[in-house]
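Participant: Sequence:
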Amino acid sequence: MNLTLVQLRYLVTVARHGSVTAAARTLNVSQPSISVAIDNVEQAFGQKLFVRQRGSGVSLTSFGRSAVAKAKQVLAEADELAGLGSREAVVAGELVLGCFEDLAPYFAPALIRSFSKRCPAVEIVVRDETFETLGRRIRDSAVDLGLTYDLGLPSHFARILLHELRPHALLPAGHQLADRPAVSLADLAAYPLITTDQPQSWQHMLDLFLSRGLSPVADITTSSFELQRSMVANGFGVAVSYTRPHGDRSYDGLPLICKPLSDPLPMQRIILTHDTRQRLSNAALAFIEVAKDWFSTHDVFAS
Numbered sequence: 001m002n003l004t005l006v007q008l009r010y011l012v013t014v015a016r017h018g019s020v021t022a023a024a025r026t027l028n029v030s031q032p033s034i035s036v037a038i039d040n041v042e043q044a045f046g047q048k049l050f051v052r053q054r055g056s057g058v059s060l061t062s063f064g065r066s067a068v069a070k071a072k073q074v075l076a077e078a079d080e081l082a083g084l085g086s087r088e089a090v091v092a093g094e095l096v097l098g099c100f101e102d103l104a105p106y107f108a109p110a111l112i113r114s115f116s117k118r119c120p121a122v123e124i125v126v127r128d129e130t131f132e133t134l135g136r137r138i139r140d141s142a143v144d145l146g147l148t149y150d151l152g153l154p155s156h157f158a159r160i161l162l163h164e165l166r167p168h169a170l171l172p173a174g175h176q177l178a179d180r181p182a183v184s185l186a187d188l189a190a191y192p193l194i195t196t197d198q199p200q201s202w203q204h205m206l207d208l209f210l211s212r213g214l215s216p217v218a219d220i221t222t223s224s225f226e227l228q229r230s231m232v233a234n235g236f237g238v239a240v241s242y243t244r245p246h247g248d249r250s251y252d253g254l255p256l257i258c259k260p261l262s263d264p265l266p267m268q269r270i271i272l273t274h275d276t277r278q279r280l281s282n283a284a285l286a287f288i289e290v291a292k293d294w295f296s297t298h299d300v301f302a303s
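In UniProt numbering, the protein residues as written are 1 to 303.
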């Protein structure tokens, strides 16, 4: 079997983007060159790696997932081999970081900046994901590490704790509960509850109320955390959140009131995750250490 590192890089990049066109644009090569390389790799294995879907890019077959995972290991080891001549061990290669979309803008840029200072030879790619797409992309080896909340992950995914958060209530300015030092879920259940339409997040928030024997009216859903905050600020209802940006104002400039919850509720965990069935590269291992250091020295979601 005569496979080249270039062919393996093409394979991994197509898997990462789910598209030959996007991979060609990223690698700055022609689309036919990548298509030919993928065909050659499939012929060498005697099995299909991708399922082509007209107008929807490509998706990995079960065999393709295994092949991409091994290809990433080979590429990582090749990068390590290339650095053996250096006087100091150099962490190199590529790292794809998938971030749950609510956390990405608050942590990904700072973590990448810190990591790039420590490991400048690593090319890092960041992708914002939903809960559902993040798990699938990690499974498909399109993402090396995931930064997310500890919700809805399969048992074979690692959970590396970075930080724990307490939930808080979001209220519009002038709300009847705004003058209280803390509010309860029972207090909030009397008002329309605004949730995001992420299934894991939506169900988790409702489970908090159900654990207290409460059934809130949750008939308002939003497509994003920031839209949720704006809907609260404009008086459409209340919300419960773990994420708290610096500065309690919505995108349209209206003030938000954040109140601690008096109920004894579980903490939510911010974690790094990966598929334990796949070997982590040196770049991924280095990023984990950088992330642990960063979270241990920064005041996360300070008021």
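Just so you know, the hints here were simulated from the structure itself, not pulled from any lab data.
By construction, the Cβ of each residue, glycine as well, lies at the ideal position given by its N, Cα and C atoms.
Treat each hint with caution, since some may be false.
Unchecked claim - Quick list of simulated restraints, FRET-style, between CB atoms:
{"no.": "1", "residue 1": "Gly213", "residue 2": "Leu3", "range": "40 to 46 Å"}
{"no.": "2", "residue 1": "Glu164", "residue 2": "Arg52", "range": "21 to 27 Å"}
{"no.": "3", "residue 1": "Lys48", "residue 2": "Asp248", "range": "17 to 23 Å"}
{"no.": "4", "residue 1": "Arg166", "residue 2": "Pro199", "range": "43 to 49 Å"}
{"no.": "5", "residue 1": "Leu27", "residue 2": "Asp179", "range": "32 to 38 Å"}
{"no.": "6", "residue 1": "Ala173", "residue 2": "Phe295", "range": "30 to 36 Å"}
{"no.": "7", "residue 1": "Gln203", "residue 2": "Val6", "range": "41 to 47 Å"}
As the list claims (entries may be wrong) - Using 20 Å as the maximum straight-line C-alpha spacing, the simulated DMTMM-like pairs for lysine to aspartate or glutamate come out as follows:
{"no.": "8", "residue 1": "Lys292", "residue 2": "Asp150"}
{"no.": "9", "residue 1": "Lys48", "residue 2": "Asp150"}
{"no.": "10", "residue 1": "Lys117", "residue 2": "Glu101"}
Participant: Return the numbers of the hints above that this structure violates; sort them in rising order.
Facilitator: 1, 2, 3, 4, 5, 9 and 10
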